[in-house]
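Novice: Residue-level listing of the chains:
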Amino acid sequence: MALLEIRNLHAKVAHGDREILKGVNLAIETGEVHAIMGKNGSGKSTLSQVLMGRETYEVTQGEVLYKGRDLLELSAEERAREGIFLAFQYPVEIPGVSTSYFLKAAVNAVRKHRGEKELDAVQFLKLVKDKMALLRMDQSFMNRAVNEGFSGGEKKRNEIFQMAVMDPKLALMDETDSGLDIDALKVVAGGANSLRGPDRAILMVTHYQRLLNYIEPDYVHVMLDGRIVKSGGKSLALELEEKGYDWVEKEAAAGV
Amino acid sequence: MPTESTEIQELANREYKWGFVTDIEADSAPPGLNEEIVRFISAKKHEPDWMLQWRLKAYRHWLTMEEPSYWPKLTYPPINYQDSIYYSAPKQKAGPRSMDEVDPELLKTYEKLGIPLEERAILAGVAVDAVFDSVSVATTFKEKLAELGIIFCSFSEAVKNHPELVRKYMGSVVPYSDNFYATLNSAVFSDGSFCYVPKGVRCPMELSTYFRINAAKTGQFERTLLIADEGAYVSYLEGCTAPVRDENQLHAAVVELVALPGATIKYSTVQNWYPGDPKTGKGGIYNFVTKRGKAFENSKITWTQVETGSAITWKYPSCILQGDNSVGEFYSVALTNHHQQADTGTKMIHIGKNTRSTVVSKGISAGFGQNTYRGLIKILKGAANSRNYTQCDSLLLGDKCGAHTFPYIEVRNTSSRAEHEASTSKIGEDQLFYCKSRGISLEDAVNMIVNGFCKEVFRELPMEFAVEAQKLLGVSLEGSVG
Numbered sequence: 001m002a003l004l005e006i007r008n009l010h011a012k013v014a015h016g017d018r019e020i021l022k023g024v025n026l027a028i029e030t031g032e033v034h035a036i037m038g039k040n041g042s043g044k045s046t047l048s049q050v051l052m053g054r055e056t057y058e059v060t061q062g063e064v065l066y067k068g069r070d071l072l073e074l075s076a077e078e079r080a081r082e083g084i085f086l087a088f089q090y091p092v093e094i095p096g097v098s099t100s101y102f103l104k105a106a107v108n109a110v111r112k113h114r115g116e117k118e119l120d121a122v123q124f125l126k127l128v129k130d131k132m133a134l135l136r137m138d139q140s141f142m143n144r145a146v147n148e149g150f151s152g153g154e155k156k157r158n159e160i161f162q163m164a165v166m167d168p169k170l171a172l173m174d175e176t177d178s179g180l181d182i183d184a185l186k187v188v189a190g191g192a193n194s195l196r197g198p199d200r201a202i203l204m205v206t207h208y209q210r211l212l213n214y215i216e217p218d219y220v221h222v223m224l225d226g227r228i229v230k231s232g233g234k235s236l237a238l239e240l241e242e243k244g245y246d247w248v249e250k251e252a253a254a255g256v
Numbered sequence: 001m002p003t004e005s006t007e008i009q010e011l012a013n014r015e016y017k018w019g020f021v022t023d024i025e026a027d028s029a030p031p032g033l034n035e036e037i038v039r040f041i042s043a044k045k046h047e048p049d050w051m052l053q054w055r056l057k058a059y060r061h062w063l064t065m066e067e068p069s070y071w072p073k074l075t076y077p078p079i080n081y082q083d084s085i086y087y088s089a090p091k092q093k094a095g096p097r098s099m100d101e102v103d104p105e106l107l108k109t110y111e112k113l114g115i116p117l118e119e120r121a122i123l124a125g126v127a128v129d130a131v132f133d134s135v136s137v138a139t140t141f142k143e144k145l146a147e148l149g150i151i152f153c154s155f156s157e158a159v160k161n162h163p164e165l166v167r168k169y170m171g172s173v174v175p176y177s178d179n180f181y182a183t184l185n186s187a188v189f190s191d192g193s194f195c196y197v198p199k200g201v202r203c204p205m206e207l208s209t210y211f212r213i214n215a216a217k218t219g220q221f222e223r224t225l226l227i228a229d230e231g232a233y234v235s236y237l238e239g240c241t242a243p244v245r246d247e248n249q250l251h252a253a254v255v256e257l258v259a260l261p262g263a264t265i266k267y268s269t270v271q272n273w274y275p276g277d278p279k280t281g282k283g284g285i286y287n288f289v290t291k292r293g294k295a296f297e298n299s300k301i302t303w304t305q306v307e308t309g310s311a312i313t314w315k316y317p318s319c320i321l322q323g324d325n326s327v328g329e330f331y332s333v334a335l336t337n338h339h340q341q342a343d344t345g346t347k348m349i350h351i352g353k354n355t356r357s358t359v360v361s362k363g364i365s366a367g368f369g370q371n372t373y374r375g376l377i378k379i380l381k382g383a384a385n386s387r388n389y390t391q392c393d394s395l396l397l398g399d400k401c402g403a404h405t406f407p408y409i410e411v412r413n414t415s416s417r418a419e420h421e422a423s424t425s426k427i428g429e430d431q432l433f434y435c436k437s438r439g440i441s442l443e444d445a446v447n448m449i450v451n452g453f454c455k456e457v458f459r460e461l462p463m464e465f466a467v468e469a470q471k472l473l474g475v476s477l478e479g480s481v482g
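Those protein sequence lines, which keep their order, are chains A and B. The numbering of the first sequence is the working numbering, which starts it at 1 and goes up by one. The numbering of the second sequence is the working numbering, which starts it at 1 and goes up by one.
Read the hints as simulated data drawn from the structure, not as lab findings. One thing to keep in mind: the hints can contain errors.
[Stated by the list, open to error] Some, not all, of what chain B presents toward chain A, calculated at C-beta under 7 Å:
| no. | residue |
| --- | --- |
| 1 | Leu56 |
| 2 | Arg60 |
| 3 | Arg387 |
| 4 | Phe406 |
| 5 | Pro407 |
| 6 | Asp430 |
| 7 | Gln431 |
| 8 | Phe433 |
| 9 | Tyr434 |
| 10 | Ser437 |
| 11 | Ile440 |
| 12 | Ser441 |
[What the hints assert, rightly or not] Each pair of labels, with its calculated beta carbon distance range:
| no. | chain 1 | residue 1 | chain 2 | residue 2 | range |
| --- | --- | --- | --- | --- | --- |
| 13 | A | Leu125 | B | Thr424 | 31 to 39 Å |
| 14 | A | Lys169 | B | Lys282 | 48 to 56 Å |
| 15 | A | Ser194 | B | Val467 | 54 to 62 Å |
| 16 | B | Glu456 | A | Glu118 | 21 to 29 Å |
| 17 | A | Glu118 | B | Met65 | 50 to 58 Å |
Since this is a predicted model, take the numbers as computed values, not measurements. All C-beta atoms, glycine included, are put in the ideal place defined by N, C-alpha and C.
Take the sequences, apply the hints, and build the full model.
Specialist: Shown next, in the form of structure tokens:
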């Protein structure tokens, strides 16, 4: 049984008519790293948000099974507690709420759901200490308000840091490379790579092949106009880099 | 898929958690207001003649006044002042000498509110002058305070035992003729708290009063007078919560603070009167409060308020910065949910030289709530080198509520400066989704975001009160996002 199975998924903006996902099919096994590539507007970011349960999108057709269960039945917070994590393309600022308070609330929400004892401040700090080193984050980070006044790079590092702390089963990474300089990209990719393992699946969404040099995917999919039109191994990403997306578009149009 | 707003509606429809009525025989005046009632109240309290005369003077002046109805941004049906009961006291044979003598029903009420009086007082080191309806029923830690020469008692006791202080300072900050509600209070005030901290004494504990409206149709007219003598320090906490009622309850309190040269007064309030029926807004408390402090040279007055209750809030804790180098501060969180309306803010009147004032106001509107900040910064000609900084932020939850800001700034000299910053924001769907994607429930997410928004104010509250304030905010916010 696949960890995640998406079957003929259609979705539109909740209060509009425009369909964005037009029949996505994808299966991901635990331990695998998948990358979805595509041009802006192809629907790849929407897919990651629909999988996380954002209510600004409405699923109109199809189904998504996660650990064999109907994922679409669950609210965003339930999905998170069941082990799905989304690293945001544009992390949101929450003024006045410290990163440490926020993350502790998140960790404890998941623990409570699993019937585990909630962590106190000392236990929590112990948990995050190593992960902070991994993402080369300063101690002061925890006392700053969530993403407030963070640089683009800091925000992305914070996302991967949270991902490391939350220890998800399925990690969705939405354009994690955008806005990062090469050094920051290396740190972020290093963090993400350390999370690869037989107990976890990762789904990356990216416009550029660059990220895939640092986090090598097992599978690459190309998304075009709300559908996955081509799948392959890592070489597909290189091919795209070389030939651009037009080539896939023509192929898709020709019905290959 | 349910939309954000339906979830929010569900949350919003929860009932007021602390709605219950204590069944205690009340000793009440008949409804209505006239000179006889004023005399009745004064007689009930065995007041000296000067106190009665002061009340009558206020009453006669009140008859000539009109309710301020045109300028506050508040809408409510006309109040029939002849419909209210102006005196109600829980029946007790004689004043209780110890906690054992306090009516057990009363103690139960406090317990329901999470205020086990005796334990709380001991554990937290807080002296509690608990006001139940109109008469103080229990006072603790009095002896300990008395050792330092600190007087902390009910207003009635102060009238009896410390007439020289009451006569000297009562009305010195809020004159009997000040405004419609303050004048009404001056005529019919039932009881309240009195505190005097002598020269150079630092009050070793937070002083606290819990107010609670109970008897039906009882107007509650608290009067508080707090005097910090030269170089003294006192921190005073006031908090309240009230039971469900069908009819609007009138509450018109007066608080006067006197900070003599070099003194510091911190006055913190958490207000959680019954806000009215969530669906119709019916039955909530009308809260018309006059709070003002006078600051002499080198003294400092800090008002911190967390206003989450009441159907109507009309309240402008103010500072008259009379003496040179005096400092006034106002930190406020005002929340209006459901059909609540608040017109609140402050007045900072700079009279002395080098006076400083800081205003931080956080308004939160949810449901159909209407939240207005109204603030006056007045720097007089003689107040050279004075400074004001005002920050006024509004947070909207949902699209049916409103936030309004009316800052008035008058600077009459060229060496002074007033700064005003304002912002309005909405709790965004993106913020909520971000929290939810981390496993945090909608309700917790809203509380977290709102508490973050209020952080600058909460950190001004004494620690134990800050926790309570956050809890109250959480309760009041139940079901309020959009």
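Novice: Can you list which hints this structure breaks, lowest number first?
Specialist: Numbers 1, 2, 3, 4, 5, 15 - these are the hints that the structure violates, sorted from lowest upward.
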